[in-house]
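The primary structure of each chain is shown beneath.
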Amino acid sequence: MEDQILALTAELAAVKSAAQVTNTMFAEAYYYLTIPLMVLIHAGFLLYEMGQTRVKNVLSSGIKNLLAFAFTIVTFYLFGWWFYWALPTFPVTSLAAGAGYMEISGLAYASAIALPWGDSAQYMGPNMADHASGVFWGAFALFAATTASIASGALIERIQTVGWVICAIVLGSFAWVVAAAWGWHADGWLVTQFGFHDFGAAGLVHAVAGFFALGILVNLGPRVGKFNADGTANKISGHNLPLTITGLMLIIVGFFGFLMACIILPGEGWSWYADQGTTIYGTPMTLSALAFNVALAASGGIIGAWVFTKDPFWMMSGCLAGIISVASGLDVYFGSHVIIISLVAGMILKPCADWLESLGIDDAVGAVTVHGTIGLFGVVVLGVFGSGIPGLGAFAPEGTVAISLYGQIVGAVVMFLLGFVPGYVVSWLVHKAGMLRIPESVQIKGLDAVKVPAQAYPESMVSDDSDSK
Amino acid sequence: MGYFAESFAELYNADGWIDMGMYIGAGSSMPGWYTVIASVMLVAILVKGNNDEQDHYK
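As given, the protein sequences belong to chains V and R, one line each in that order. Letter by letter, the first sequence follows residues 25 to 493 in this note's numbering. Letter by letter, the second sequence follows residues -16 to 41 in this note's numbering.
No lab work stands behind these hints: they were computed from the structure. Each hint should be verified, as a subset may be incorrect.
Claimed, not checked - Simulated pairs of lysine to aspartate or glutamate, EDC-like, Cα-Cα distance not exceeding 16 Å:
1. R:Lys41 <-> V:Glu464
2. V:Lys475 <-> R:Asp35
3. V:Lys475 <-> R:Glu36
4. V:Lys475 <-> R:Asp(-2)
5. V:Lys250 <-> V:Glu381
6. V:Lys250 <-> V:Asp378
7. V:Lys259 <-> V:Asp335
8. V:Lys40 <-> R:Asp38
Claimed, not checked - So, partial list: chain R residues that the calculated Cβ filter (under 10 Å) puts toward chain V:
9. Ala(-8)
10. Trp0
11. Ala27
12. Gly32
13. Asp35
A quick note: this is a predicted structure, and the numbers were derived from the prediction, not measured. The beta-carbon is built from N, C-alpha and C at its ideal position, and this holds for glycine as well.
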C-alpha cells in the first residue's frame, strides 16, 4: 500500500511537471505569435503611408517607414526596455528597487534584467531557463515600433530621413516608454496614485504617438502647395487609395495581435494568478472579451465614419478609431456599450481632422486625430463609465486604488504632454541642425528622383505636379 | 570569443536547464563590447546617412 502511494505520488509529480512544461511552452508560443501579428501592423502602415503619397515620393515614404521600424527596435533593445523597468515610480517616489507597489521596478531591478551587458545580459539573449524575457521584449519592441509607424504617416513628403529617424528613436525608445512605465505597469505612479487604466494603450501608445507627431508637425510645416495664401487648404490626394485602405485593414489584423499581447497569461512565475488571465494591472481579462469587443469596435468605427463621410479612407480610419476609442476599457466594456462608443468615435473623427487642418496643420494621413484625439477620447470615456472599478488585481488591499474620471483625465493630460513636448523639442533641435525639412525645390521635383536609386513604377507614372521623369 | 561551455550536460541537471545566458561570450565582458560596437556602428551609419542625404539636397 505504501509503495503504491509513493508510486502515485511520483506519477502525480511527473504529471504536474509535464503540465507546467506545456503551460510554459504555450505561454512562450502565445507571446511569440503576437510578434508576427504585430508586424502586420507595420505592413499595413507601410501600405497606408505609401498609398497616401504621390507617385513622385512613394519610395521615399517607404524608406522612411522601414528605417523607423528598424531603428526603433534596435534602440529599444539597447536602452528602451531598461527605461520601462526603471521609471515606473519616477518622479513620485524613489527610483530604488522595491520602491514600487509590486516591487518590480527601479534602477537596480531594471539594470538586473534589461541591459544588454553585464550580468543582465543573460536575460537579453539565449537562456534555456528563461522562456519569457525574449517574447515579452519582442512584444514591447513591436509596441515601440508601432508608435513610430503611427507618427510616420503624418509627416510624409517633406521630412528628411535621418532627422525623422532621430525623432522616431526618441518616440519609440523613450517617450512612449515613459508613458508605459507610468501608466502600464503595476508599479506605475499613474496607476497606483490615480487608478489610471489603459488596457489596450489608447493613451500610452496612440495618444502619445499622435501628439508626438503634432509636435513635429508644428516645426516641420506643411507640404508645398497644401495651403493657399489665404490659409485655405488644398486636398493632396495620394496615388493609390486602394493600397491605403488595404493597409488600414492589415493594421486592424495586427491590432488583434497587439491587444492579445496585452494579456498576462496564468500559471507562470511572472503571472498574476495561477488559473486566470489578467490585464497588465492584474485585473481579470480573457481573449473572449477581446474577441467580442475588438470586432464590434472595428465595425462601429466604420459605420460611424460612413454616416458623415461616405469616404472609404475615413471609413477605414474610423475602423481604427473605433478600436482606439474603447482600447482603454476593452476588459470592462459590454459589447453593446462598445458599439455606442465606437460609433461616436467614427462620427467625430472627420470633424476633428478638419478642425486641425483649419489651424494650418498638414497631417497627411489624419494620424494626430485618429490616434491622438481619439486616444485621449478613449482614455477619458473610460473614466466616465468605469469609475469605481478596482484598478489593481486581488493582490492589492481592497479599496487601494480605483478607476476614476479624475484619474483618467490626469492620465490623458500626462499622455498628451509625453507626446507633444518631446516631439516638439526633438524636432526643434533637429530643425536647428538643418535635418528636418526637405528643401522646397526637392519637394517639387519629387523625393524619389533625388535620393532613391529605384523606381516605384517602371512604366514611368509621375505626378501631375512633378517635373521628374 | 568561443562558446562558453564544452558540453550541454554541464548546463542541465535534475531541475532542468540552469538559469544563465547560453550564447557566445556569455559570462564574460564580450556582450558589453558587442553592445558598444553595435552602438558605435549605428551612430556612424546615421552620420553617414545624413551626409549622403544632405548631398542629395545640394
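Hint check:
no. : hint                   : in the structure
1   : R:Lys41 <-> V:Glu464   : holds, 12 Å
2   : V:Lys475 <-> R:Asp35   : holds, 9 Å
3   : V:Lys475 <-> R:Glu36   : holds, 7 Å
4   : V:Lys475 <-> R:Asp(-2) : violated, 57 Å
5   : V:Lys250 <-> V:Glu381  : holds, 10 Å
6   : V:Lys250 <-> V:Asp378  : holds, 14 Å
7   : V:Lys259 <-> V:Asp335  : holds, 14 Å
8   : V:Lys40 <-> R:Asp38    : violated, 65 Å
9   : Ala(-8)                : violated, 13 Å
10  : Trp0                   : holds, 4 Å
11  : Ala27                  : violated, 12 Å
12  : Gly32                  : holds, 5 Å
13  : Asp35                  : holds, 8 Å
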